[in-house]
Structure formats: C-alpha cells, structure tokens
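For what it's worth, full-length UniProt numbering labels the leading residue of the sequence shown as 1, then goes sequentially.
Just so you know, the hints here were simulated from the structure itself, not pulled from any lab data. Worth double-checking, as some hints may not be accurate.
With a cut-off of at most 20 Å between alpha-carbon atoms, the simulated PhoX-like pairs for lysine-lysine come out as follows [claimed, not checked]:
#1 47 <-> 180
#2 471 <-> 645
#3 758 <-> 296
Quick list of the computed label-pair ranges, beta carbon to beta carbon [said to hold, decoys possible]:
#4 47 <-> 91: 22 to 32 Å
#5 1036 <-> 262: 29 to 39 Å
#6 779 <-> 18: 42 to 52 Å
#7 645 <-> 47: 44 to 54 Å
#8 779 <-> 121: 58 to 68 Å
#9 386 <-> 817: 40 to 50 Å
#10 195 <-> 91: 21 to 31 Å
#11 262 <-> 6: 29 to 39 Å
#12 106 <-> 596: 52 to 62 Å
#13 490 <-> 924: 53 to 63 Å
#14 23 <-> 709: 49 to 59 Å
#15 23 <-> 262: 18 to 28 Å
Note that beta-carbon positions come from the ideal geometry of N, C-alpha and C, so glycine has one too.
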Amino acid sequence: MHSGRLKARRIGTFLKKQFPCNRILVQRIFKSTVHATVALILCLIPKVRDRIGNQPAMLPLIAVMVHPGRRVSATIQGAMYAITGLLTGLAYSLFGRFLAQRCLGSTWSILSETEQYEFHYKRYESALAILAVFETLMLFFHGWMRSVSHHYFGIVFPLFLVVHFAFMAPLEQNAATVAKAFSVPFYLGIGMSLFWNLVLFPEFGSTYLGNATVDVLNEVHKAFDSSISYFITLSADQSNSLYSHGSTSLATLLKLKDTVDKKVSNCCSVLDECIYEISYSYVSPTDLRPMFGDLKNLSLYINALVNACQLQFVLVHGMEKDMKEKTHLYSLTEKEIVHADVHRLVSVLNKLKVPIFDLHKKLSDALYVIKLAIAYTQDVNLKEVLESPLSSSPSPELTERTNVSDLDFEEHINRLMDASISFDLRFREEMIQLNVDLLTPKDEMFLLSSFLMNFKEVTNSVVEIMRVTKKIYETRKQREAKGWIRGKSVWINFLTNYEDFKKWFRGSMRSQTITEGQSLTGGVTGNNYRPPGDMAVIRPQNEEEEMLGQQSSNTVELDREYESVSLPLTSNHMNISNQRNKSAVPATRSYGTRVKKNSSRALRKTLIFFNKFYVRCREHFRFGLQVTIALMLASFPMFIPKARKWYMNIRGTWVGFVCILALEPSVGGTFWVFFLRGVGVIIGAAWGYLSYVAGVKQTNPYLEVIITIFGAVPGFYFLLGSPYVKAAIIQIISIYIVMLAAILPSDIQGSILSNFAKRCLAVGYGGGIAVFVQFTLFPIKARDQLNEEIAFVTGCISEMERLVATGLEGEAFNPILLERNFKRHSELSEGAKAALGRASVYKGLTRQEPRLKGNYTELEEVFTQIIFVQRQIIDRMDNIKLLRKQHGSAIAEELNHVLYPYRRQFVASVNCSMRAVQEAIINKTPLPHFLPSARISHRRLVNKVRETLKVRYRGQITSLNPRKMVDVFQQDEPSGNSEFEEGLEMKPKARPRFSLPPHDYITKEKFLAWNATSAATEEVVEYIEELVQLTKILVGVNEFKYGFLSRPLYEDWAAEAAVDFQDFVKKRNTTTHDIESQNSRPLSSIRSSDQEGSDDSLEQDEPVALNEAPDFDSSGKNTISKTLRNRAFSIASRVSSNNKSGNNLNKTQTLGDTETRDEIEPDSETELPLALKRVLSRRRQH
C-alpha cells in the first residue's frame, strides 16, 4: 500500500514537472475550448449553416486562429490583423475572379465548369491562367511580407486563405456568393472570440502591465540589495557584517542580472501591447511609459554593480586560492584586475562601507515606497509587493490601502537627496583621511570607482523614478477623490499617433522579440520563454546598412564621383579653357551634350537604385520565390483544366494549406515545423475520425461534440502552454476539418475514412514539397543566419566603440555631436541585443539541420560562449555610454591634445580586431597572423594619463593628502578620563575635512568617472581577446609554418632559442636558479605603477620592443619579457605557483566561472549559469 502511494506521488510529481499548469492557463484553455466548441455546434445546425454561406468549415478554422485564450490587447491585435488580411484577400480574389469570368464570356454564370471544359476549352483555359497569375503574385507577396517582418504573418495568412480557397470555388458563382462564403464565417468567428474574451475571465493588458511593473521592480530591488551587500561584505564572518541576512553568492547575482534584463524587456513589450485595447481605470496605462526609460537605465547600472562584484570576486577570492598545484595551467585571458592591490581595496571598503550602507538603506526604502505607489495606482494586490530586509517602513501599516493613499513623496525624495549629499561628503572625508592617491589610475581604484559611480547613478535613477511615480500617484488620488463614476475614464490608447501606428503595422523589431508562435499563443508571456524549435524574429535587411553604414560611408555620391573624375586645374588653365569654350563651342552643342550627360546620369542612377534595392531585399526575393514555387508545385493541378476536378475531389486545398504553413525562412525551421505539423495532423485527424465514429454517423451529434472536447483540451494546452504551438494549432483544426468534411453536404463529401486519408496525404505531399524546395532552391541555412547575426553584433560593437571615442584627430569636443553619438549608440545597443536573441534561436535551429561535417555539439558550445561574450561586451559598453553621458569625458577633453594618438591607437586596435572577426565569421576564412593588441594600447593610454596627471596636478595631489599634526606630548597609552591629561593634550584647530576647495571636488568627481569607464574598458578588452580566441576555434588562424614565429612565444620556446632545449629541461626539473635581476628593468612597461615600484617613477614612451635586459620570473627561471609576450599577442600566460595574485584559472574557466566549489551548493538556485561555463577545446591543453 505504501509503495503504491509512493509510485502515485512520483507520477504526480513527474506530471507536474513535465506539464506545468496554473490558474491563468486553465482559464485560457476553458475560453478557447468553449469558443471552438460553439463554432462547431453552429456548423452542425442546418438553419445556422445556411445563413453563414457555403463555406461553414471556415468558422472553426478562424476560431482556432483567432482564439480568445490571451489577453484582451492581444486578442484585439490578432482580430485587427485578421480583418485587414481578410478584406484585402477578398477584394483581390473577387478582382481575379472577375477577370477570369470575363474570359468565359456571357456564359460564365450559365454553364458549369464541366460544361465550360467541354464547349469552351480555350476560354476556360485562359480563365484558369488568369487565376494562376493572380495566385502566383499573391504567393510571392505572402513570402515577401513574412520575410520582411514576422508581424505580417497575422495579415498575409488570412489573405492566403481567402484567395486560395476562393480560386477553388466554381467560376459560375457570383461575387455576392463568394463574398458571403468568405466573410460571414470569418467575421462571426472573430466577433465570437472578442465576446468570449471579454465575458469569460477577461485579462486586460493594463492590469497585467501593473503586475509586470511591480514584478520587475521587485527583481530590481532584490538585485540591487544583493549586489551592494555582496560588494561591501568581504569577510565571511557575519559578526562584522552590517546586514542581518547572509551575503548572496555570485551565481545568484548573475542569475538576478539576467532575470532583470528579461523582465524589463518583457514589461516594455506589455506596454506596446496595451495600445490595442480600451481600458476603464483611474489612470491610463501609458502614464507608465516615462518610467520605463529610467527603469532601463537603472537596470544597466545594476548590471554594472554586478559586474563590479564579479571583478571583486576574481581579485579577493583569487588571493585565497590554494596554490599547491605545481602543474602549469594556462588561462585564456589574463585579467587586469589580478594586478590590483587587494589590501588597499579592503582598507578603502572598510572605511566606506558604513556610508554605503546608510545610503543603501535609504535607497531600499525609496524603492519599497515606489513599489507600493505603483501597486496602488495600477490596482495591483499589495501582497505582490515584496519588502526588502533593509526596508525600515512599517509594513503592517502600509499594507492597508487607506495608509498607502497617504504617502508623502516630497518627504521621501528630500530624504533621499539629503542622504546622497551626506554620502558624498562622508565619502570625500574618508578618502582624504586615507592616504589614497585618487588622481593616479590604478586597477583597484578602477574597480572601486566603477562601483561608486554606478552606485551614485542608481541613486539618481531612483530619484527620477520617484518623481514620475509621484505624478501618477497624485493623478490617481485626484481622480479617486471624485468617485469611481466620475474618476474612472475610458482610455483609448491605440492608433492615437503615427509612432503607435508604425508599431501596429511594422512592429518593434529592435525592442520586441515576439515570434510567430508566441503571437499565436497570446503575445508576451510571463517568462517570455522561447523553445529551441521556435522561429527567430527576422532582422530587417536594411538594418545593417542603416546602423553600421560600413559600405555607404566609403562610397561617394554619384554626382560628386563623376564630377571629380578629372584632375583639378589651375587658375591659368581654367581661364584659358573658359576662353576657348566661349569662342569655339556653339551653344546648341553645349545644350545637347548637357542633355545627353543628364540622361546617361539618370540611367546610371536608375540602374544603381535597382541594384541596391536587390541587394537590400535579396532575402525577401529568395523566400518569396521559395513560397511561390513550393505552392505552385503543390497546387498547380487546380489551374489545369483536365486536373482541376480531380484536384478538388482529393481536397487539394488542404495540400496548399499545409505546405504554406510548413515553409519557414530556414532549412532547420522548415524541417522542424514539417515534423511538428505532421504529428499534429495525424493525431487531430485520428481524433476527428474517433469523434465521428462515436456519433454513429451523425445519429448522436451530442456525443460527437463531447468527444471533440476531449481532443481539443490537450490541443489547446499545447497551444497555450507549451513550445509546440505549430503542431497544436493544426491538430485542433484537423479535428474539426476532417469531421465537417464528412458531415457537411457537398459534391465531394466522401466518407470519414477517405477524408482521414486525404488529410494525411495533404500533410505528406504538401510538407514534403516544402522541405524539398527549401533544401534545393536557394537553401537558407540556420548556420549561415547564425554567422550573420554574430557578425552583425561584432560590427555593432566596433561602431559603438567608435561612437564613444570622439576627438581622435585632436579636434575639440562638440556637444551636439556627442548627443547624436549617444543616441546612435543606444540604437546600436538595442539592435545588437535583438541580434543576440536571434542568434540564440538560430543556434538551436542549426542543431535540427542535417549536417555532413560531423557533430554540431562542440560547435554549439563555442557559439554559446561567443554569444555570451558579445552580450558581456555590450553590457560594459552601455555602462560606459551612460557614465560618459552623465559625467562627460573630462580627462579626454582636457588632455586630448596629448592623449589623442594613444586613444586613436586603442580605438583602431579594437576596430581592427572586430573587423577581422566579423569577416572571418561571415566568410568562414581564417584570422590573420597577428592582430593589434588592444590591451597594450589601453595600458599605454593609462600610463600616459598617469604620467600627465603627475606633472599637471602635482599640487592638487599634495593638497588632497591628509596633513596630520604630530603631538609630542601624547603618550603611547590612551589618555583615559584624566582631566590633567586632557589639559596637557595639544589639539590644533584644524579645518574640517569636508571643506576642501571646490576645484578639488570637481577633480575627484571627474577622475572617479574616468576610472569607472576605464574599468569597463579593461573588461571589454579582455572579452574581445576571448572572442578572438573563440573565433580561432571556429575558423582557424593563418599561422607561420616555419621559423621562430611558427611556435608560441612561451618561456620554453624562448629558452630553446637561447640554450639547448634538453639541457634547459633537465635544469628546470632538477634545480632552481637564483638569478638576480637588478639591472633587468625594461625601458618601458605595460604594467601598472604599483607593480613596478615607486609611484613617482614615470614611464617612457619608447617602443615596447626596446627592452635591453632579459626578464626573469620570481622563481629565477629565464623567461621572455611579459611585454614582448603581450606584444606577440600570446594571451595565455603561465600562472606561477607562487603568484601573489593567486589567479589560479585554467583553460576551462572564465570570469564567471571563478566561484569556489565550497561556496556553490548543488542546488539549482546557486549553481552558475550554463552560459558562464568556459567552453574551450581540450586539444589546447598544454
């Protein structure tokens, strides 16, 4: 008995895990099932069937396509799309039938098609030819629009349905009959869908928007609290911690970072959906639109805080690693942060953690008040608001709605502003008390500045969000005071301006990532999960040209090009030529030459325009031709006089219906969808056959309908709650189509068994043709699309770096140009993030494509890591952009006349590396031998800044150091409470530490901002080097086959070049050398100054190759200099067994994979995300 219960419990747990379900999903399944069942019942009633035309089977079909199992906004959007396609298709089909009937002459309404075939064969053939031309044009338009944007699928698919089925209708039917047959069922189904959506468990998008906003604020609040507590809690001893709760692990922080990004994007998508519905509430849903801009910036700053926690972990925990391993491990990318002084960072944080904690507490309270106000204004349950452990607000009082309506936002804003100002003063006071040289760029100060500046920007963003929330809160209170009748209003948000109209018609390609499958299930879901088999959002082909403009910027205008072909003439030659032209050339000849030149120029412009149009729309042409050829191969018998009757008898329209649904823009997508639809059609047709048999050939229609419900409920579950949307939707349609084909009276009615066979034939024939055409005619591989997206993101990164770096030629900074660059930087960032989302989908589709070159699993792991690295680069560059926008580029502006060659070299190194990676990936060609090192360029830039600052701000550096007066009368012991000792103690009257001159404050602020951007830049460089190495794994590299440069420039190879290799190995294994290297200091260095000696030593700007003396490691072994190894782009450097930094990374680790095993529990919540696992070829182990 006990074992039986245990098995039942295990089965229940398994079913809950495999088939999750909640209240919302059950309600949506119930609404959709009721809608489809009522549509079927209407088709079974003869009197109703006569009213809806001669195509009643279209009613259940449209009931499934425009189902009510989604939010009101998504249902209205689907209805508008469907109506647009239906009206366009009906008008187009009626026009085509009108022309075809004119070919038949006056007998088109008298004779049937069989009689037309017998007596007027040529006319009948001409009429079918006209229908074929119209069908071809419609199919090409269908494929073109689906390739342009996935949003158009909801428009062009109903258009295809009407045109394809209307052309199969007999030509003797008049326009009124055809219009009634293809309009009444569709519009009745759409109207019923809206009715059930509003009557049964309505889900308004505005209500969901409020819940989604509170949810994302909860995640932002949690991520912010966790990142701050993690950064300032360095010790594992909780007795010294300022927080009552334990510190969060790094793995949890990284998951929170991804969760915040997804939920912010999800919330913005929900707002876009709300423009399609009419809401009745106190405040309009669009009032939240201004908040989302600040919320996006806030999420970026929190991401930067998490990145700072990552760097801190590498620095602090790297010091604590066990160094007992004596094997030589190589890390792919050397992290600059390991050269920082961890003790200095700890000492600074020990002084600053109390001011940080105080401001953190105020910010946590402010975020809690914002969540309460948003929940109150948007009618969200206050239980959804999660209280922070730091929040000092009395939650029992604030949970009452009457108390929430008495919030004083001005008091909270002033309190937060005062706390921010107090933090600035206390921070400067503590920093002056410490003998820390803020004006000298150092790695630990880069890390600290990155955290502090982003922490300060979080404060500013929270203040802005509070001000926006205050307006919404006051509007709600004013309207609520009028009563619910006068206070509430009807808000019509859709189609109010041109921007909303563009979103309705074109969709938001950059910010929104809703696919065809997700649009059928209800738009934005809770977690916006996209399965591996789902289709990607196709990137517009002109987006790369508009955003990158790599080719357009290098081209010249046609007029200028042809006008500047000849060499410029001097003034003397111009005068002589003008005189000759006036005297020798007639006016008529000059006019004729000018007309001829203008006509030839117009012809060239026209040809160039068409060529550019073809290049820009090549993918649209390709998919349009694929759809046209596939559908014409599947349905060509309907346009042949001899085969048209036979094609109608075998239900040929089903073949085209399945074929066009199986076609996708890629080989992998078409193969996957064909498999899904094949399974769905067979299951649905079999259930329709079972339902018909249970009804005993229409003698018991009640039992027949009930049996279909049991088949529709699982179908709607898979449609609304699983990733198998395309299989579920055709499974439900097949249940009703197969039944009604045997029930509805017609000339080709047939038995239920024959209709089952015809349905299975349709999916085999139509789907097979779709796969065949996709494989043979212009095959579009998901692997190629994956490479294109990765290359596009690489180009975006290169362009973003160029936009941030202005004044590379020594010119002055233009504020207008900077603002324009920041705006374009944001557009590039959005486009790159959308491309990374598409690349993740194409990566899954590539796995489903047939492959002849071996297993794809290893390459998929490499692509996963490339996508992760590119996403990390974009996050850092977004943070750089925001910090530059808020605080400017004071260092670059003031010292640009000295630094611009170094800045230009760094930007050129990054752009060269990115362009090489871009061309290598998209063309599948190996990388060149050497690439310019962005790491060396950036270190030289930092060194030059350090040298210039020491010379220029020497006086201010001295003034920032503390001046302590030595008391000669003070004893070593504490003075105690003795009045005599207090009288003897000398207390010089010192100026308060927070009253420094204003220019010192400005100096601190601008250098902190520059340090923060430098920290992010160092991470960008490290990830770029990692991206280059991953690209080498994919496409290889052109290396030297012979000579010294054919070998890696490691210490072993360098020693072999100097002494005999065998003797070197024996000496290395048996003895250790103690070689003094007093005169081995290089003339130049790329290390930070604290690694080289005194801070006052200035670095020379000599070339790196001019190191006169050899370098030695700490164990005394002869090594090649670190600078030369970096110069030779050898990123993998040996980790010494007694390295002070303790960075014991190996080739299977990355920045996110440095969590100690003792800290990570096997629980899924604390396990590192899969994307952070370093994926490297094991063949590269040394």
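Comparing the hints with the structure gives:
| no. | hint | in the structure |
| --- | --- | --- |
| 1 | 47 <-> 180 | holds (16 Å) |
| 2 | 471 <-> 645 | violated (68 Å) |
| 3 | 758 <-> 296 | violated (53 Å) |
| 4 | 47 <-> 91: 22 to 32 Å | holds (30 Å) |
| 5 | 1036 <-> 262: 29 to 39 Å | holds (35 Å) |
| 6 | 779 <-> 18: 42 to 52 Å | violated (35 Å) |
| 7 | 645 <-> 47: 44 to 54 Å | violated (31 Å) |
| 8 | 779 <-> 121: 58 to 68 Å | violated (40 Å) |
| 9 | 386 <-> 817: 40 to 50 Å | holds (44 Å) |
| 10 | 195 <-> 91: 21 to 31 Å | holds (27 Å) |
| 11 | 262 <-> 6: 29 to 39 Å | holds (37 Å) |
| 12 | 106 <-> 596: 52 to 62 Å | holds (54 Å) |
| 13 | 490 <-> 924: 53 to 63 Å | holds (58 Å) |
| 14 | 23 <-> 709: 49 to 59 Å | violated (20 Å) |
| 15 | 23 <-> 262: 18 to 28 Å | holds (23 Å) |
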